[in-house]
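Asker: Once you've looked at the hints, dock chain A against the given chain H.
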Amino acid sequence: MVTRHFPLVIILVIVGLALLLPLFLPWTYDQIDWNAVRAPAFSSSHILGTDELGRDRLARLASGTQITLMVAMAAALVSLLVGIAWGATAGWVGGRVDEAMMRFVDGLYALPFMFIVILLMVVFGRSILLVFIGIGLVEWLTMARVVRGQVMSLKERPFILAAEAAGTPPLMIVIRHILPNIAGVALAYLMLTVPQVVMVESFLSFLGLGVQEPLTSLGILVKEGADDMDMAPLGLLLPGGLLVVILVCLTIEGERLRDHFS
Amino acid sequence: MSLYSLRNLSIDIAGKPLVENVSLDVEPGKCTAIIGASGSGKSLTCLTPFGLTPGVTSGEIILDGVNLTRADRYQMRQARSQHTGFVFQQPMTALTPHLSVGSQLQEAARQAGASRLSRHELAQMLARVGLSRTDERLDQFPHRLSGGERQRVMIAAAIAHQPKLLVADEPTSALDASLRAEIMDLLDELRAERNLGLLLVSHDLASVARHADQLVVMEKGRVVETGPAASLIAKPREDYTKRLIAAIPRLEEAAPTLPAVGDMLLTTRDVCIVFPRPGWRRGNIRAVSDVSIEVREGEALAIVGGSGSGKSTLGRAIAGIGAMTSGEIRWRNEILPGRRKRTREKYGHIQPVFQDPIASLNPQWKVIDIIAEPLRNLRPEFSKAERARKAKAVLQEVDLSEDMLGRSPTSLSGGQAQRIAIARAIIAKPELLVLDEATSALDALVGAEILRLLSRLQRENRLSLIFITHDIASARRVCHRIAVLEEGRIVETGAMEDVIASPQQEITQKLIAAS
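Chains as they are written, first to last, in my numbering: chain H, 1 to 262; chain A, 263 to 777.
For reference, chain H alone in the conformation it holds in the complex (with noise of 0.2 Å):
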């Protein structure tokens, strides 16, 4: 179980470090040790050492892992909520209502989305409820066209005729017998959905879009880190390496339990 689910494990090790870290420093993520900016590692109370503004480098990655990965479960609910509802719409109701739903969502995948997205940020503002909202609003036509193809499929089962003849009123059935089986390949889905929120989520970061000083995240950690790499190389290595190590680990697990349902 443990060597199976190797990717897991330490993706559930990460998310443990990451809650529980912050209680037993002595740091927290935006407080300014005057004493020891640009500390290298293990030096004084600073395991990581400290950036250059003088901020303990653990505490910042604990936080900035925890802002990442909240913004991406957040936006894959969002993703998860819309792209069930939209696809099961359409492909429960089928007919002229699919045609035009789904042609809906194939406009969307054509315009640059994430253009729309730094536009968004750009005239309200920035604010993490606004890229919740903003990632999820792209990430929910994959869940959509998936939902919808495994609603389709299911809907002519005689299970869901012998419902219908049972008097099983029509959003009971979606409910009761169409969506549990399609819980488990929407899972899978949002497995996968949660990697691609953690990229988006960095890379706006990264291009100071995302989330705002003093809080940070896995993509502003890198840009500054970026910013002084060759001062402080591990400034740059420590997110950088964590990001890859839970993207990678996610796809994995995800592309397992897609396998698995499909």
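Worth flagging that the hints you see were computed from the coordinates, not collected in a lab. On a predicted model such as this, the values are computed, not experimentally measured, just so you know. For every residue, glycine included, the Cβ atom is placed at its ideal position computed from N, Cα and C. Be careful, since some hints might not be right.
Ranges between beta-carbon positions, derived for each pair [stated by the list, open to error]:
| hint | chain 1 | residue 1 | chain 2 | residue 2 | range |
| --- | --- | --- | --- | --- | --- |
| 1 | A | Asp-475 | H | Lys-155 | 46 to 54 Å |
| 2 | A | Gly-277 | H | Pro-112 | 28 to 36 Å |
| 3 | A | Ser-435 | H | Lys-155 | 26 to 34 Å |
| 4 | H | Met-152 | A | Arg-484 | 39 to 47 Å |
| 5 | A | Arg-544 | H | Ala-226 | 55 to 63 Å |
| 6 | H | Ser-127 | A | Thr-605 | 49 to 57 Å |
| 7 | A | Arg-544 | H | Leu-119 | 52 to 60 Å |
| 8 | H | Pro-112 | A | Ser-645 | 56 to 64 Å |
| 9 | H | Gly-241 | A | Pro-359 | 52 to 60 Å |
| 10 | H | Arg-96 | A | Thr-605 | 22 to 30 Å |
| 11 | A | Glu-455 | H | Arg-96 | 54 to 62 Å |
Answerer: This is chain A only, laid out in the frame that chain H set:
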């Protein structure tokens, strides 16, 4: 000497013994048929010696004097390409979709090292298996052909390289009933003409009995009985074979005594069902045209036809789970509204049972919830405890024990699942069941048990039935009357015995011949 022999063949997959000690012989120009229910190991027995399954064999395999038992991949391929041809159950999946019929045949013909064949020779091969317009067919792709035509192409490809042994794994099971006899006749002719040995695998004793010389009856990976076909069917020695033969509905058996019929229950008048053509093509498909039928209390009506005749579409419209374009359905002389307009109470009159029993149960639910679902909607006055009590009672009615209630559909056998599906259909006390090929996907023995269950329900609960099938012989065990459907129209209707005694239409005669 035999063309092909198996001596004490055993087959393991991943260390699990699935077939034990099977011995059989195929003589040149003769047919040996392996008969068994699903899971009896018959397909394994037939394909594993040629390396076509992951199974590991022990025992002797001798093809045309060569011992294949310890053959390496190269020798195995030789044996397959030079001496053996294969025909599989699903002609669509067995033909390569992107190759035209001509290239398919060319490839098959050249596998034994022959030189390139001319177009004329390929066309002759198609003509030999009974296809018309052969020149045109050579350029067609498999999806343009009908199921029967595909199976003929498969046979042409299987014998293109002049093999000595033809291995046919359920060659007619996926085909329409009316086509089965034709394909079996074709195999007979080819066998006589080319002195071809035929190893046939089938779950359907009735359809192969006439064509086989030797029968091998298998059950649970072992041979139950083997012998010349005629004597084995006339005088089976083993109990299993006896039951198997008795289970097969035959038209020669005595007509059953059916319960008396009462008042008019269901009438349909000029029912038409039209679908828009799929894809971008314009126009409509008429699935059902002007169908008028009637069913009385306690009466069973057989709706019989080939695949694509519209019989399932009609059944679904009657049960209120499929579209209806025009016409009317009346229930005790009151109009019965169509899909999505029917009230719960009216859904309660008619319940469907489907062909694939496993697919008709929600895999995520427990048996108790599946059975009780109609009660939940159609009899909302019952409490949860009452529903559970009724579910237990109805399980007894379909001869299942109470411990089924907590199980999940994926752990059920086909026969158990179909009983559960019937239990769900009858729990809310409907007066009419629409059975859509309810016994077709089941093994002969299990199918016969389901038929017995249905005729008991018919007698004891005064249940009316609409029995949709392609198999007149099994319909005859429960049905009073028959309506034959062809291309969406009723072409012949009448009392079951009369129609069987003197069928008027060609399609009816074909369906009767196939039963």
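Asker: Against each hint, give a clear statement of whether it holds in the structure.
Answerer: Here is how each hint holds up against the structure:
One distance hint, 46 to 54 Å for the beta-carbon pair Asp-475(A) and Lys-155(H), holds here, with the actual separation near 48 Å. Range check, Gly-277(A) to Pro-112(H): Cβ separation about 56 Å, and the 28 to 36 Å hint is violated. Restraint check, Ser-435(A) to Lys-155(H): a C-beta distance of roughly 27 Å satisfies the suggested window 26 to 34 Å. Here the CB-CB span from Met-152(H) to Arg-484(A) is close to 44 Å, well matched to the stated 39 to 47 Å.
For the pair Arg-544(A) and Ala-226(H), the supplied restraint of 55 to 63 Å holds, since their beta-carbon distance comes to about 59 Å. As the Cβ distance of Ser-127(H) to Thr-605(A) is approximately 51 Å, the hint placing it in 49 to 57 Å holds. A hinted range of 52 to 60 Å for the beta carbons of Arg-544(A) and Leu-119(H) is inconsistent with their spacing of about 43 Å. As the Cβ distance of Pro-112(H) to Ser-645(A) is approximately 58 Å, the hint placing it in 56 to 64 Å holds.
A beta carbon spacing of about 47 Å between Gly-241(H) and Pro-359(A) contradicts the range 52 to 60 Å that was offered as a hint. Taking 22 to 30 Å as the suggested C-beta distance range, the pair Arg-96(H) and Thr-605(A) conforms, at roughly 27 Å. Restraint check, Glu-455(A) to Arg-96(H): a C-beta distance of roughly 56 Å satisfies the suggested window 54 to 62 Å.
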